[in-house]
Amino acid sequence: MPGACVSGLKDLKNCVEAQQFDRAMLEELFVIADAMSEVKPGSRESTMLQGFLMSTLFYEPSTRTRLSFEGAMGKLGGGILSTESAGEYSSAAKGETLEDTIRTVEGYADIVVLRHFTAGAARRAADAIESPVINAGDGPGQHPTQALLDTYTIYNELGRLDDIKVGLVGDLANGRTVRSLATMLCNFENFVFVAPEVVKMKDDIKAELDANGAKWRESEDLLGVASEVDVLYQTRIQKERFGDRLDEYEACRGVYTVDEKVMAAMKKTSIVMHPLPRLDEIAPECDADPRAAYFRQARNGLFIRMALLKVLLKV
Amino acid sequence: MPGACVSGLKDLKNCVEAQQFDRAMLEELFVIADAMSEVKPGSRESTMLQGFLMSTLFYEPSTRTRLSFEGAMGKLGGGILSTESAGEYSSAAKGETLEDTIRTVEGYADIVVLRHFTAGAARRAADAIESPVINAGDGPGQHPTQALLDTYTIYNELGRLDDIKVGLVGDLANGRTVRSLATMLCNFENFVFVAPEVVKMKDDIKAELDANGAKWRESEDLLGVASEVDVLYQTRIQKERFGDRLDEYEACRGVYTVDEKVMAAMKKTSIVMHPLPRLDEIAPECDADPRAAYFRQARNGLFIRMALLKVLLKV
Amino acid sequence: MPGACVSGLKDLKNCVEAQQFDRAMLEELFVIADAMSEVKPGSRESTMLQGFLMSTLFYEPSTRTRLSFEGAMGKLGGGILSTESAGEYSSAAKGETLEDTIRTVEGYADIVVLRHFTAGAARRAADAIESPVINAGDGPGQHPTQALLDTYTIYNELGRLDDIKVGLVGDLANGRTVRSLATMLCNFENFVFVAPEVVKMKDDIKAELDANGAKWRESEDLLGVASEVDVLYQTRIQKERFGDRLDEYEACRGVYTVDEKVMAAMKKTSIVMHPLPRLDEIAPECDADPRAAYFRQARNGLFIRMALLKVLLKV
Numbered sequence: 005m006p007g008a009c010v011s012g013l014k015d016l017k018n019c020v021e022a023q024q025f026d027r028a029m030l031e032e033l034f035v036i037a038d039a040m041s042e043v044k045p046g047s048r049e050s051t052m053l054q055g056f057l058m059s060t061l062f063y064e065p066s067t068r069t070r071l072s073f074e075g076a077m078g079k080l081g082g083g084i085l086s087t088e089s090a091g092e093y094s095s096a097a098k099g100e101t102l103e104d105t106i107r108t109v110e111g112y113a114d115i116v117v118l119r120h121f122t123a124g125a126a127r128r129a130a131d132a133i134e135s136p137v138i139n140a141g142d143g144p145g146q147h148p149t150q151a152l153l154d155t156y157t158i159y160n161e162l163g164r165l166d167d168i169k170v171g172l173v174g175d176l177a178n179g180r181t182v183r184s185l186a187t188m189l190c191n192f193e194n195f196v197f198v199a200p201e202v203v204k205m206k207d208d209i210k211a212e213l214d215a216n217g218a219k220w221r222e223s224e225d226l227l228g229v230a231s232e233v234d235v236l237y238q239t240r241i242q243k244e245r246f247g248d249r250l251d252e253y254e255a256c257r258g259v260y261t262v263d264e265k266v267m268a269a270m271k272k273t274s275i276v277m278h279p280l281p282r283l284d285e286i287a288p289e290c291d292a293d294p295r296a297a298y299f300r301q302a303r304n305g306l307f308i309r310m311a312l313l314k315v316l317l318k319v
Numbered sequence: 005m006p007g008a009c010v011s012g013l014k015d016l017k018n019c020v021e022a023q024q025f026d027r028a029m030l031e032e033l034f035v036i037a038d039a040m041s042e043v044k045p046g047s048r049e050s051t052m053l054q055g056f057l058m059s060t061l062f063y064e065p066s067t068r069t070r071l072s073f074e075g076a077m078g079k080l081g082g083g084i085l086s087t088e089s090a091g092e093y094s095s096a097a098k099g100e101t102l103e104d105t106i107r108t109v110e111g112y113a114d115i116v117v118l119r120h121f122t123a124g125a126a127r128r129a130a131d132a133i134e135s136p137v138i139n140a141g142d143g144p145g146q147h148p149t150q151a152l153l154d155t156y157t158i159y160n161e162l163g164r165l166d167d168i169k170v171g172l173v174g175d176l177a178n179g180r181t182v183r184s185l186a187t188m189l190c191n192f193e194n195f196v197f198v199a200p201e202v203v204k205m206k207d208d209i210k211a212e213l214d215a216n217g218a219k220w221r222e223s224e225d226l227l228g229v230a231s232e233v234d235v236l237y238q239t240r241i242q243k244e245r246f247g248d249r250l251d252e253y254e255a256c257r258g259v260y261t262v263d264e265k266v267m268a269a270m271k272k273t274s275i276v277m278h279p280l281p282r283l284d285e286i287a288p289e290c291d292a293d294p295r296a297a298y299f300r301q302a303r304n305g306l307f308i309r310m311a312l313l314k315v316l317l318k319v
Numbered sequence: 005m006p007g008a009c010v011s012g013l014k015d016l017k018n019c020v021e022a023q024q025f026d027r028a029m030l031e032e033l034f035v036i037a038d039a040m041s042e043v044k045p046g047s048r049e050s051t052m053l054q055g056f057l058m059s060t061l062f063y064e065p066s067t068r069t070r071l072s073f074e075g076a077m078g079k080l081g082g083g084i085l086s087t088e089s090a091g092e093y094s095s096a097a098k099g100e101t102l103e104d105t106i107r108t109v110e111g112y113a114d115i116v117v118l119r120h121f122t123a124g125a126a127r128r129a130a131d132a133i134e135s136p137v138i139n140a141g142d143g144p145g146q147h148p149t150q151a152l153l154d155t156y157t158i159y160n161e162l163g164r165l166d167d168i169k170v171g172l173v174g175d176l177a178n179g180r181t182v183r184s185l186a187t188m189l190c191n192f193e194n195f196v197f198v199a200p201e202v203v204k205m206k207d208d209i210k211a212e213l214d215a216n217g218a219k220w221r222e223s224e225d226l227l228g229v230a231s232e233v234d235v236l237y238q239t240r241i242q243k244e245r246f247g248d249r250l251d252e253y254e255a256c257r258g259v260y261t262v263d264e265k266v267m268a269a270m271k272k273t274s275i276v277m278h279p280l281p282r283l284d285e286i287a288p289e290c291d292a293d294p295r296a297a298y299f300r301q302a303r304n305g306l307f308i309r310m311a312l313l314k315v316l317l318k319v
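Residue numbers (our numbering), protein chains in the order written: chain D, 5 to 319; chain H, 5 to 319; chain U, 5 to 319.
Honestly, the hints are just simulated from the structure, not real lab data.
For clarity, every value in this text was computed on a predicted model and none was experimentally measured.
Ranges of calculated distance between the beta carbons of each label pair, as one might list FRET restraints:
id, chain 1, residue 1, chain 2, residue 2, range
1, D, 103, U, 258, 16 to 26 Å
2, U, 248, H, 44, 49 to 59 Å
3, D, 48, U, 38, 30 to 40 Å
The list that follows gives simulated cross-link-like pairs (lysine to aspartate or glutamate, DMTMM-like), each with its CA atoms no further than 20 Å apart:
id, chain 1, residue 1, chain 2, residue 2
4, H, 44, U, 49
5, H, 44, U, 134
6, U, 98, H, 285
7, H, 98, D, 244
8, H, 98, D, 285
9, H, 98, D, 64
10, U, 98, H, 248
11, D, 98, U, 248
12, D, 98, D, 88
Only part of the chain D face toward chain U is listed, based on derived beta-carbon distances under 10 Å:
id, residue
13, 52
14, 82
15, 92
16, 112
17, 319
A virtual CB, placed ideally from N, CA and C, is assigned to each residue, including glycine.
Just need the whole structure built from these sequences, with the hints factored in.
Quick look at the structure:
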């Protein structure tokens, strides 16, 4: 498989698929991310990437993801070439291929962060140039840095990656995030899926978990699941996936909500995660609870991306 | 009042309302702004904010204001996370609250500059996070850095803040700028308002001036006012405020224009200010006059914002 | 002529027209560009422009050109104030003149890179302010940095500027690029024009070449021309120039295509250039040929712009 696991982080040439990272590489990366969280303004470390340039080439806007990458580069003193309108990019509009665009941008930047609406675009980009490419989401394809930051958050909050029971809640059919996460964690976790009927976890992921010997089951009892898991990973029911079927959307929405009652059922040492943005699937009353890890999770995206930039730029 | 005057600049946690600044704080800030105007490329001072990141989170575009803030951060070596499409920000479009967005951005940036279309948005943002927030204009609410740069310009050009007579000319009803300025200067200035009938200064500001013992009067004699004031502050009649009533707009426009005749009536030591952009309310023939201070005023925005960033980031 | 050749690069105040550069200045600039291509991340040279700010003020989007300039500034440690929506720039939309906008931006930035849809806009901007202005394309007017990077590519690839035969192919009527290049090279090159009838090189450029004693001829034999030139400069037939006349566009398109057969006819020491983006006027099969210089040409844009920034900022 192109981009499959290499012998270690030092040989990593790009970040295109979650499957590129084996257990050893994850742990190595998380140690670097820990160090990144300690970088202070004005310190020597904060100029580590001085003189390097990162291009954020976004064919669809995703301000949150873009700012997280640009923050990571900025925190290490690197420069940023930013565009969130690459879709209207005059060259693309004139019919230029993705490969030509990427080769041109490689002329200006040392590393390219690509967001695209087509599955497989990141792999095509990585194959077209020598410089490293980071996949910041390619349509229904992958979003590996989200899976990395989720896994890092579990490691960082719970202090371990093994013997963890994860409850995935919400839209498990369409959520690229939970699907990638399940793939990344499949070697060392147990899963419980809690989802309304129409957005249940799809069979491909279940088969992947089976193939890796990971345990999973489905449940409709959110309170029960909350009481037994170490991580309760809530997701948003994505209205935009339902198209005209707004009645189905309304039926799904609000079925499984994390509120004070759910928090009360949870273990003291458990955490609540969410990829954000949220609507009302986590009640604001939960925010003050120290087990509400979702804003720390977003912040961990900064540290994981700092670590990835350091690794890929071989600094 | 939330955010009201604190004991001094060193305790300032954010910049949300003009009322946060008392006389002592203004003077302290202006001394810092003076120093900022001396920062040279390549100097030690020009890396003062190295490793800090500022997010310019703009829910409505204001390129001028955004560039001024980003210039201030850049001049001190800080990094910039920029978005002027926060309104279409995918998360906001999906229904995320301002508070959630701000908390997420706080994870990436050390300071947030917010432009929003809703009065009070900056206060909500400042209350949601620990990191400092600067209000870059929140709808019909406040635009305190504009008031600061205006006041700094008066201090910088005239060498004092007391015993100054200010003539405010133009659209005094709708101009957030002149309203904020009147509030900031109310303790130590005399005012003359020169405005077409339909865009006269509103009663709330007049009452605030009265309450503070500030002198004000209204006049229709621009030449007379020009001859007596120290500062002639011209503003644009804002077409966009008139909606369909274009005949009213046309009636107001051009009633009070600053031209060579007005300049000739002014004292040698007086100055002309304007928040820009201008249309024809100041004739281009005035630009070469040394008393035309409006482009210096725009530049002072850079120095004031550099000073604010330094103060709020506690460097 | 305003902005015509000055006595040397050290007196250059802006970069508005290709005609500002005489032979000596070009050679001096190319030596600096060579040095720029050696600047390494983390080196002393990579902080050369630390504390300087460049504003990319784009009234029409051109992501490629913008990123190239921003990359150049970033590679030398300078800061960037970026906008590609200056056309919707709230101030411009409110009726502010270009001169006022430029004067305001001068208050924030040390150098302004202007892209505008109106011929002559860059000259107006340069006349309005003291700080240097670089023309990044002003409508049907000039795009001097493209001509500079093209000429630099010839110098860099062939090792000389004299005794070079250039074949210009494709849309020679509308292509600002080839027209500017012909102007810049008119003192020391021979030209062969290969173009479909409706997009032939216009008489004004032919007259300019005649006036400078440059040799030129027209040909319909691409293979023959390929075998004799040192530089085969292919261009895109620009669909957007044909408006409704799509049949004319289709008739032109594909008449002269560079493919393996053309490459086979070329000399071993010749190169193929293209300003990019390309559609199918150069077959992808040519990309791997070492004589395919077009992506190196794009990269040279970075080095030329780094050199220009250094020269204009007098560092």
